[in-house]
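J.: Residue numbers (this note's numbering), protein chains in the order written: chain A, 1 to 467; chain B, 1001 to 1092.
It is worth saying that the hints were derived from the structure and are not from the lab. No experiment lies behind these values; they were computed from the predicted model shown. Beta carbons: idealized from backbone N, C-alpha and C, even for Gly. Be careful, since some hints might not be right.
[What the hints assert, rightly or not] Going by beta-carbon spacing under 8 Å, a handful of chain A positions derived as facing chain B: (1) 7; (2) 9; (3) 37; (4) 51; (5) 96; (6) 160; (7) 171.
[What the hints assert, rightly or not] Here chain B is said to cover these stretches of chain A; the calculated rule only asks that three of the stretch's residues, wherever they fall, bring their Cβ under 8 Å from a Cβ of chain B: (8) 22-28; (9) 79-92; (10) 111-121; (11) 304-310.
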Amino acid sequence: MSTFPVPPGDPAGLRDAAGRLSGLSGTLGEARGSCLRTLGQQTETALPTARVAAFAGARGQATTATSAVGASLVAVAGALADYADALEATQRAVRDANARHDDARARGRAAETAGDLAAAQTCRAEMSRQAAAVDTAGHGLSAARQRVVSALGHEVGAWVPDTGSLTPVRAWQQAAAGLLPPGSSLDAGTLLDAYHHPDAVLAKDVVSRAVKLASKGYQLYDVLGHSRVWLLAQLAERRLVQALGVYQELKGSSPDLDDPATWERYLAAEREALRRWSAGGAGSKDAQRAQQLWKMLRGFQGDELALANVLRRFPSVPPADVVRFGFLDRLAPAVQAAKPVAARVVGPVSVVTGAVDLHTALTDDAMASDDRVARGVGGGAAVVGGVATTALALGIATGPVGVGVVAVAGVVAVGAWAYENREEIADGARRLGGAISDGAGEVADAAEEVAGAVGDGARQVWKGLFG
Amino acid sequence: MSFAGGDPIQLQVASAGLRALSEDLVGDALALTAQGRSAAALAGDGTVASLVETALAAVGGAVLATSALVSGLSQGATTAGDQLQRATGGGR
Chain A
1 MSTFPVPPGD PAGLRDAAGR LSGLSGTLGE ARGSCLRTLG QQTETALPTA
51 RVAAFAGARG QATTATSAVG ASLVAVAGAL ADYADALEAT QRAVRDANAR
101 HDDARARGRA AETAGDLAAA QTCRAEMSRQ AAAVDTAGHG LSAARQRVVS
151 ALGHEVGAWV PDTGSLTPVR AWQQAAAGLL PPGSSLDAGT LLDAYHHPDA
201 VLAKDVVSRA VKLASKGYQL YDVLGHSRVW LLAQLAERRL VQALGVYQEL
251 KGSSPDLDDP ATWERYLAAE REALRRWSAG GAGSKDAQRA QQLWKMLRGF
301 QGDELALANV LRRFPSVPPA DVVRFGFLDR LAPAVQAAKP VAARVVGPVS
351 VVTGAVDLHT ALTDDAMASD DRVARGVGGG AAVVGGVATT ALALGIATGP
401 VGVGVVAVAG VVAVGAWAYE NREEIADGAR RLGGAISDGA GEVADAAEEV
451 AGAVGDGARQ VWKGLFG
Chain B
1001 MSFAGGDPIQ LQVASAGLRA LSEDLVGDAL ALTAQGRSAA ALAGDGTVAS
1051 LVETALAAVG GAVLATSALV SGLSQGATTA GDQLQRATGG GR
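One chain only, chain B, in its complex shape (with noise of 0.2 Å):
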């Protein structure tokens, strides 16, 4: 198998910078969900509270998600880091 350029070094940095990215993202969505039912308990109007909590729970869901998305990144980096360090012995 060959490869053309690559740093695996930079590679586990910029993994681990995904992965915190992902937590944070991940914290994000719990604070969206706690936030929409905080302000539904405000509203005052059952129409308006029940609005307010779906619409921060569905934004919450896609934040989630696109921690999902970041991890895969982060893991995908780390899984070409480990390929490049195979094929080339560690190091470029």
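Isolated chain A, as found in the complex (with noise of 0.2 Å):
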């Protein structure tokens, strides 16, 4: 019996429902919003001039809808992501502890009754220091839980904002009939049957009947005005205004990465930085075989303990290699994986290792805070502004509102990917971190003095956008 309970809950699968939620992000956000895009500018050019106007609105708003929707399951991933891990940390805190708790207890019993008072004194007091960590593990997941809750609210909110405790069939009503101008509204009715028996061909029949309701469709191009989904573009802005204010506090005032040589160089040194990580192969087959060890020891025995068993069995692998350089072969399917979506957001490389950096400058606390400046300086800049910078370039923001919103789509999709990716990220960035910081010299030492601007505001901008 144990003397603690165990949180409840299953931190394995809420994060496999993140990945999926993820997964579905990048679906919508990117893909469907994407194949939006295109089908929409063949109609336009099909359609006589006098309709083109009514018809790109509505569409736009549509387009604006599926960013949002993405940027939305992102933040909701991020914060399911969030849970889980502190739900797993807790849980494992907790058994640790029972474990602890019962063994000290029965020591003490049996010093007890040898008549050892001073054992039994000091069985005692590891049990008082057990009862002390699982407080303090409940404190982190109580802490969690409040991130959570308020994560989910905003994103509740963003959808069927001014209400307050709503049931998930209300919400689903009312999200739906919230974006839809007046006229074409979603039968409730059908709506609650759709949502508590999940069937496409009922949930065609509540879009064919709006649809009906709406003239023919026409109605529905009257949605230029609808408050909501306004309401959404400016949520989708704000997103990428957060990620570029974060990104200017990274940046700080030098260089300036905006001017396009410094921008340039910089690339170039990301490049250079990933072409010595691909030259670099894999290592000896001992030092891969040792940071696999040590992979699967370190979560048992801890760092230290796993490390001093990996070098007894390799004694001829460096340390530095086993730790800096673990998992050199997980960061190769990370790069494939991110091929499609970053070629169409600015480039490989750049996403790639400035995902890379600005993760491992938001997580990493082990790092010297000079080099995470320059990591997130660089990751900032070549994610956000990339996406920002790409969108621009293919001549697909207009304006405003036309750049936050395809630049959000792009954000969605890196985000998709460096959540889904994350440990290959954060494992592949300590083998790409001495190249990186070379490059990136200069920006370290300008930068240092906004080390404190990698801090809270920053982390829960990578939690929502990033996961």
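Hey, can you piece these two chains together into the complex? The hints should help.
T.: If you want it as structure tokens, here you go:
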């Protein structure tokens, strides 16, 4: 019988769910949005001139919705992953405390029986320590719970504003109705049925009824004036501005990565970093085996003991290679996985290394602060700057709102990839470390003073945008 | 009635594409509600469970509405194509 109750929940399952949502965010925010843009452009070139403006307006609003949905799903996935991590850590801590507590209790009883009062006292102290450890773990989970409740509440509010507590089915109904103009509302009863009995035919029926009510589609063009969609555009844009704000904080005043020449030099340094990494290969077989063994052992034995055991088994492998250059082989699939997304956004190298850098800067507490700043500066520039730059380069960002929506769609795509490959990114960043730092040396020197910027605000944005 | 430009054949093709996209979005909307239920069952905490299901239901509802918008665009394209056909006697 455990002394301390283990908090319920399935962290691995939650993490899987977050991964699926991250995939859906890419599908909706990027693939569907891109498909809609393409089909919309095809339609607009074929429509009579008089119809084009209304159609383009309505199509733009639907694209806005897909982008906002993608961003929302990244945020929900991030919240779930956050909670899963905290839950797992707490469950592990409580189980560990239970084992230590039970052991101390047994030893304490034996000591009392033997009349060894000092030993019994030591055991009681150990039991108290374990109770305190459980309390600390519980506080951590409670803080994570608050973050998650706030993040999820924010997402609900984005789609169904100005409402109190909602049941899921009411949220489904109101969010669906809220996006459509009056006169084309979705039938509440059928919506309810479609939620309780998820069936594609039933749901398609809801959609087709709504469209019939809207006079064969033309009334839907009136969505241009519908306030909800405009709010969603603002939401999407706000997220981009938030991300850009973090980037500006990270970037500091110098060097100016908005300057094309500086930007080129930085990208060249990152390309060189990736080239070095690629050319370096996976190291010797012993190194690979040592890395694999370390990876397996560290979860059970902790980093120090695991490393000592690995070095006993592979004495020829330098310790730095075991830990700093671990998992080289795992970055290769991550780079491959990034290519379809990265090619669309800015080019594989800067996005891949940018995501690596930004993720590492925001999550690696062990890294020296100047390294974190350098990494974050480059990463923010590559990911955020790259997305916006590409949108402009492709000519699809036609105004302030356009820039926001398009760029957020790109950020969603990168964010989904970054989430799905977060382990590989974090591991791969260790391997990339030295080379990128060389290239970004001047950035590190100049930006040291903004080390504090890589703080909670940045983490929140990362959580929101990248899970 | 006069039309400045327009291609009814291309409109039919684009309309079919938009209709298929609308159907895909319906599937996405239902997938989101299913994900909400399944994530809620794994959360272990009543508040988190309820909120995650509600959040994904809301996003799913928005996707369903987007599907209706896209379906409307499809029907609008079809209607415009039909009008062009009648006005021009077929072809441009």
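J.: Does each hint fit the structure? Answer for all of them.
T.: Checked hints:
At about 6 Å, the closest approach between the beta carbon of residue 7 (chain A) and any beta carbon in chain B falls short of 8 Å, and the interface hint on this residue holds. Contact between residue 9 (chain A) and chain B, as hinted, is supported at the beta carbon level, the nearest pair being about 2 Å apart and thus within 8 Å. Interface restraint check for residue 37 (chain A): the shortest CB-CB distance to chain B comes to about 11 Å, outside 8 Å, so the restraint is violated. For residue 51 (chain A), the suggested interface contact is upheld, since its CB lies about 5 Å from the closest CB of chain B, less than 8 Å.
Taken as an interface hint, residue 96 (chain A) does not check out: its beta carbon lies about 19 Å from the nearest beta carbon of chain B, beyond 8 Å. Proximity of residue 160 (chain A) to chain B holds as hinted, the smallest CB-CB distance being about 5 Å (cut-off 8 Å). Checking residue 171 (chain A) against chain B by beta carbon gives a least distance of about 4 Å; that is within 8 Å, so the hint holds. Coverage of a stretch by a chain is defined here by at least three residues with a beta carbon nearer than 8 Å to that chain's beta carbons; for the stretch 22-28 of chain A and chain B the count is 3, and the condition holds.
Given a C-beta distance limit of less than 8 Å, the hint that chain B covers the stretch 79-92 of chain A holds, as 4 residues qualify and 3 suffice. Counting residues of the stretch 111-121 of chain A whose CB lies closer than 8 Å to any CB of chain B gives 0, which falls below the minimum of 3, so the coverage claim is violated. Residues of the stretch 304-310 of chain A lying with their CB closer than 8 Å to a CB of chain B number 0, which falls below the three-residue condition for coverage.
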